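Could you put the whole structure together from the sequences, leaning on the hints where they help?
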Amino acid sequence: MQKRTVLLSAAAFAVIAASTNTWAQALPKLKVGFMLPATGTFASLGTAIDNGFRLYVAEQGGKIAGREVEYVRVDDESDPSKATDNVNKLIKRDNVDVIVGTVHSGVAMAMAKAAKESGTLMIVPNAGAAAVTGPMCAPNIFRSSFSNWQPGYAMGEVAAKKGHKKIVTITWKYAAGDESVKGFKESFEKNGGTVVKELNLPFPNVEFQALLTEIAATKPDAVFTFFAGGGAVKFVKDYAAAGLKKTIPLYGSGFLTDGTLEAQGADAEGLFTTLHYADNLNNKRDQAFRLAYAKSFKLQPDVYAVQGYDAGQILGIGLNATKGDAKNIQGFAQAVRAAKIDSPRGAFTMSSSHNPVQDIYLRKVVGKENVVDSIASKSLTDPGLGCKM
Amino acid sequence: MDFATFLIQCLNALQYGLLLFLVASGLTLIFGIMGVINLAHGSFYMIGAYMAFALAPAVSAIFGGAFFSTFAVGLVLSVILGYLLEWAFFSYLYEREHLQQVLMTYGLILVFEELRSMLVGDDVHGVPVPEWLNGALTLNEVMTYPVYRLFMSGVCLLLAGAMWFVFTRTRLGMMIRAGTSNREMVQSLGIDINLLYRIVFATGVALAVFAGMIAAPVSSVYPGMGNSVLIICFVVVVIGGIGSIKGALLAALLIGLVDTFGKVLLPQAAGVLVYVLMALILLWRPNGLFKD
Amino acid sequence: MRHPTSFVLLFFGLLALWPVMAGSYGADLVAKIMIFALLALSLELLVGSTGLVCFGQAAFFGIGAYAAILMSPTDGSAPALWLSLPCAIALAALYALAVGALSLRTQGVYFIMVTLAFSQMAYYVVHDTPLGGGTDGIYMYVKPTWGWVDLDNPAHMYGLIWLSLLVGFLFLSQLLRSPFGRALSGIRVNEQRMKATGFSVYPYKLAAFTLSGAMAGWAGYLFAVKDGFVNPELLSWHLSGSLLVMIILGGLGHMRGSVLGAFAFALLQELFQAEAVFGSFAKHWHLSLGLTIMACVAFMPHGLVALPAQLRERLSGRNNREAPVETLEEKA
Numbered sequence: 001m002q003k004r005t006v007l008l009s010a011a012a013f014a015v016i017a018a019s020t021n022t023w024a025q026a027l028p029k030l031k032v033g034f035m036l037p038a039t040g041t042f043a044s045l046g047t048a049i050d051n052g053f054r055l056y057v058a059e060q061g062g063k064i065a066g067r068e069v070e071y072v073r074v075d076d077e078s079d080p081s082k083a084t085d086n087v088n089k090l091i092k093r094d095n096v097d098v099i100v101g102t103v104h105s106g107v108a109m110a111m112a113k114a115a116k117e118s119g120t121l122m123i124v125p126n127a128g129a130a131a132v133t134g135p136m137c138a139p140n141i142f143r144s145s146f147s148n149w150q151p152g153y154a155m156g157e158v159a160a161k162k163g164h165k166k167i168v169t170i171t172w173k174y175a176a177g178d179e180s181v182k183g184f185k186e187s188f189e190k191n192g193g194t195v196v197k198e199l200n201l202p203f204p205n206v207e208f209q210a211l212l213t214e215i216a217a218t219k220p221d222a223v224f225t226f227f228a229g230g231g232a233v234k235f236v237k238d239y240a241a242a243g244l245k246k247t248i249p250l251y252g253s254g255f256l257t258d259g260t261l262e263a264q265g266a267d268a269e270g271l272f273t274t275l276h277y278a279d280n281l282n283n284k285r286d287q288a289f290r291l292a293y294a295k296s297f298k299l300q301p302d303v304y305a306v307q308g309y310d311a312g313q314i315l316g317i318g319l320n321a322t323k324g325d326a327k328n329i330q331g332f333a334q335a336v337r338a339a340k341i342d343s344p345r346g347a348f349t350m351s352s353s354h355n356p357v358q359d360i361y362l363r364k365v366v367g368k369e370n371v372v373d374s375i376a377s378k379s380l381t382d383p384g385l386g387c388k389m
Numbered sequence: 001m002d003f004a005t006f007l008i009q010c011l012n013a014l015q016y017g018l019l020l021f022l023v024a025s026g027l028t029l030i031f032g033i034m035g036v037i038n039l040a041h042g043s044f045y046m047i048g049a050y051m052a053f054a055l056a057p058a059v060s061a062i063f064g065g066a067f068f069s070t071f072a073v074g075l076v077l078s079v080i081l082g083y084l085l086e087w088a089f090f091s092y093l094y095e096r097e098h099l100q101q102v103l104m105t106y107g108l109i110l111v112f113e114e115l116r117s118m119l120v121g122d123d124v125h126g127v128p129v130p131e132w133l134n135g136a137l138t139l140n141e142v143m144t145y146p147v148y149r150l151f152m153s154g155v156c157l158l159l160a161g162a163m164w165f166v167f168t169r170t171r172l173g174m175m176i177r178a179g180t181s182n183r184e185m186v187q188s189l190g191i192d193i194n195l196l197y198r199i200v201f202a203t204g205v206a207l208a209v210f211a212g213m214i215a216a217p218v219s220s221v222y223p224g225m226g227n228s229v230l231i232i233c234f235v236v237v238v239i240g241g242i243g244s245i246k247g248a249l250l251a252a253l254l255i256g257l258v259d260t261f262g263k264v265l266l267p268q269a270a271g272v273l274v275y276v277l278m279a280l281i282l283l284w285r286p287n288g289l290f291k292d
Numbered sequence: 001m002r003h004p005t006s007f008v009l010l011f012f013g014l015l016a017l018w019p020v021m022a023g024s025y026g027a028d029l030v031a032k033i034m035i036f037a038l039l040a041l042s043l044e045l046l047v048g049s050t051g052l053v054c055f056g057q058a059a060f061f062g063i064g065a066y067a068a069i070l071m072s073p074t075d076g077s078a079p080a081l082w083l084s085l086p087c088a089i090a091l092a093a094l095y096a097l098a099v100g101a102l103s104l105r106t107q108g109v110y111f112i113m114v115t116l117a118f119s120q121m122a123y124y125v126v127h128d129t130p131l132g133g134g135t136d137g138i139y140m141y142v143k144p145t146w147g148w149v150d151l152d153n154p155a156h157m158y159g160l161i162w163l164s165l166l167v168g169f170l171f172l173s174q175l176l177r178s179p180f181g182r183a184l185s186g187i188r189v190n191e192q193r194m195k196a197t198g199f200s201v202y203p204y205k206l207a208a209f210t211l212s213g214a215m216a217g218w219a220g221y222l223f224a225v226k227d228g229f230v231n232p233e234l235l236s237w238h239l240s241g242s243l244l245v246m247i248i249l250g251g252l253g254h255m256r257g258s259v260l261g262a263f264a265f266a267l268l269q270e271l272f273q274a275e276a277v278f279g280s281f282a283k284h285w286h287l288s289l290g291l292t293i294m295a296c297v298a299f300m301p302h303g304l305v306a307l308p309a310q311l312r313e314r315l316s317g318r319n320n321r322e323a324p325v326e327t328l329e330e331k332a
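Chains as they are written, first to last, in the numbering used here: chain A, 1 to 389; chain B, 1 to 292; chain C, 1 to 332.
Simulated from the structure, these hints should not be mistaken for lab results. A quick note: this is a predicted structure, and the numbers were derived from the prediction, not measured. Wrong hints could be hidden among the right ones.
[What the hints assert, rightly or not] To list a few chain A residues with every Cβ distance to chain C over 10 Å, as calculated:
no.	residue
1	Gly62
2	Val72
3	Lys89
4	Asn283
5	Gly324
6	Ala339
7	Val357
8	Gly386
[What the hints assert, rightly or not] Pair by pair, the computed Cβ-Cβ distance ranges are:
no.	chain 1	residue 1	chain 2	residue 2	range
9	C	Asn153	A	Asn283	29 to 37 Å
10	C	Leu163	A	Glu189	32 to 40 Å
11	B	Arg177	C	Glu191	41 to 49 Å
12	A	Gly61	C	Tyr141	40 to 48 Å
13	C	Asn190	B	Gly161	37 to 45 Å
14	B	Gly161	C	Leu175	53 to 61 Å
15	A	Ile375	C	Thr74	36 to 44 Å
16	B	Val79	C	Gly159	52 to 60 Å
17	C	Ala101	B	Asn140	43 to 51 Å
18	B	Ala58	C	Arg193	56 to 64 Å
19	B	Asn140	A	Val366	25 to 33 Å
20	B	Tyr92	C	Glu191	23 to 31 Å
We treat Cβ as the ideally placed atom computed from N, Cα and C, and that holds for glycine.
As structure tokens, then:
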């Protein structure tokens, strides 16, 4: 019995040693490591980001700065407890030149820490946590998406301009929700309004009835909310079903109505949200992008696809400046900071903490689209608190 | 909180509790009465919700009508699924220990989630409320209450009544209860215990699917929805007392109360409160509220 | 019990040589698996030896992990290993004592659920309150040191984990051979009989529960220090469930089983996610893993450790499989 166990163990060791060493050689190809969710609630976002990035690379003929692009994918399962191990697969096992990821903020923070320590280039195509371009910021970490604070802050100004004085906020008690509400509160109160109550419920709980009743009892002028995914669908539907949609206007960070309109149906009609993208931007770049994306993937693109695409653009700008050297972080960062990125969302630049400085649009839900109403906030810069770069 | 708001919150608590009972009813049968730890219960709930979403267009095209026909088709499919699953997997598990049931059904969760991802994709979907149930009752000048939720609560009550009736007042119920106490004896009395178990299991699956289909317009359809209901369903069955239907109903209502008022009065502790409730009840009554 | 010494020597010898053979990623991977093996051993003490199915082991693991991070000094100096490790273990043991004292009043499936309830309570405390830093977790910036031992050095970290697993394994095998361990086996086999002979079972169960919690806390401390990062998912019931999968996969009632199960479970996940092996199907690795787990239950109900015996019986052409001989002693 002992012998067999030992033999089995030895065989297992050999297999693992072989497989972990296979990736050890460095290749002249540009290795891009995707750390995105392939399973779980955010899987569709992971797919959209992946698609967007690959579209960019395909448009460049499969090469960036003369180096052929090779992809490695790791499923992060949106699980922060496995994040460090997963990102080490990319950094240590596969020796990638750049990591692109991820959706979930907790995972992104673990990735940022690992990237900071190893000096590997990292581009975040979604996670909006303030920490990534805050205390965790580093010359080799860039974000192509947004910070949670941005859409919230933009909406605060809008709500104040619309004449609302008393607002109740409601969200999940986690970083994305807290930061979104914080941004909203900052600009709303700066412009003369008051947030009378801040409601929240544990993430990812979706039983809203009790809190909707609370909102009704408080009778505010309006409600500001942050929810995403399944929770966003349910909240909008519950809000309408409770009759509140007719009596108390609802405003939200764009994720409330992004990717969820088909599920929300008529309950979302007329809702105002703020985000750095919309469905009918009508600039040339966006039209070309949408056409190309639909052709390649037989799907309509969304904000996540744009963020993935722009992650590719950032990589391209940086590497073209360093002639393909992914280890030249100084050169890379210099080029990206000076660049104006021609994105489907409109042109944007990078802040000193490596977060996009971009226009935030005010959008209205019309039918199955988020249609641009106006620009809520022009060239909004995230303050990057805590970033020492 | 003023009195009117308090009443509305009570209504919310009641409705949530009844919905919980509906969702946990299938587990009450399979776990409570048959004693099989079925971690895949949440997956059956998810299958129901996805069926409501995916079947509706197909059923309308073939059979016409929407709401009830989709239900009927969904229920038939789920009974078949439950029957097959029981025959293929679960029948092996009755003799085995709880741990192996945990393991087998844990594997099932992974399989179902991935199959769902491969077949239907990972997007979030909504299921529309049927027109004739789409009204609202005015509660005060700001709030209304959706009729569909009242409909759901009504269905839950009917279901609870039906389950209680079948189990305590019919021969079938008697046989099932006898079978779970003493399998061999029932078999030696000439009753086909395997067929009986298969029927009960299929019913349990069908109930979970039915709950998913009914709740779909209200809860929306998204990946991972099964996981969030799973643990709370176990909590319902355990607090109520394994094997007791009225216990499960009472437990569900208690949880509804604790969750609703907890969210409003103690938002920071809202997540913990249900578990504190369970711990307290089990420490007071180690076998749950009602022993069978 | 058949010559566990040779197993221990060969297995731990291989593990000690591993970092030299594999690259830094391979060493990291095995270090992580060793931590889970230690955690699985702690659960085996409860489930396999004492017959107490605990569905809340992740809570003690998580408490040890959070203790490691929360006790780091805020001024940026290195925490003292000789102080923070015992404190983390003590905290986890304390929670285990409290939970055990209350839960051991219940039996069977209720016990399983009560342990789950207490684990969920701990989960929600770190998930929802400022104490735990919320859903995104908290970081440790400086790793503990003790004299010349600096856990920032991967070799030292690997060494400490290896040592912990060895000590844990040896300690448990000694414990289970002692009168205390025999009492636990007796409780597992027939509690009523033990009580009838005048044995007071409650203190034994409570002691086992607390010890198990302490070991889990130790594993948690190592995890936190190795990654430098903790988050609430470390206390989730999914982890408790995975642990049960590990020890059943390996084989209940055998300490080797827990260790093998931890390795097998982790390596299976690596295998199924490997694009080199499965190509684009690798993103559906949950399906492969789920089917494998189900197949294991169906065809290997006694786990991996019983596999050689099972195969031997198949090959020698016997039709009726004898059930493995149930001895009172916990096999190492």
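We went through each hint and held it up to the structure:
| no. | hint | result |
| --- | --- | --- |
| 1 | Gly62 | 18 Å, holds |
| 2 | Val72 | 7 Å, violated |
| 3 | Lys89 | 7 Å, violated |
| 4 | Asn283 | 34 Å, holds |
| 5 | Gly324 | 25 Å, holds |
| 6 | Ala339 | 30 Å, holds |
| 7 | Val357 | 24 Å, holds |
| 8 | Gly386 | 13 Å, holds |
| 9 | C:Asn153 x A:Asn283: 29 to 37 Å | 53 Å, violated |
| 10 | C:Leu163 x A:Glu189: 32 to 40 Å | 55 Å, violated |
| 11 | B:Arg177 x C:Glu191: 41 to 49 Å | 27 Å, violated |
| 12 | A:Gly61 x C:Tyr141: 40 to 48 Å | 43 Å, holds |
| 13 | C:Asn190 x B:Gly161: 37 to 45 Å | 43 Å, holds |
| 14 | B:Gly161 x C:Leu175: 53 to 61 Å | 54 Å, holds |
| 15 | A:Ile375 x C:Thr74: 36 to 44 Å | 43 Å, holds |
| 16 | B:Val79 x C:Gly159: 52 to 60 Å | 58 Å, holds |
| 17 | C:Ala101 x B:Asn140: 43 to 51 Å | 49 Å, holds |
| 18 | B:Ala58 x C:Arg193: 56 to 64 Å | 60 Å, holds |
| 19 | B:Asn140 x A:Val366: 25 to 33 Å | 31 Å, holds |
| 20 | B:Tyr92 x C:Glu191: 23 to 31 Å | 27 Å, holds |
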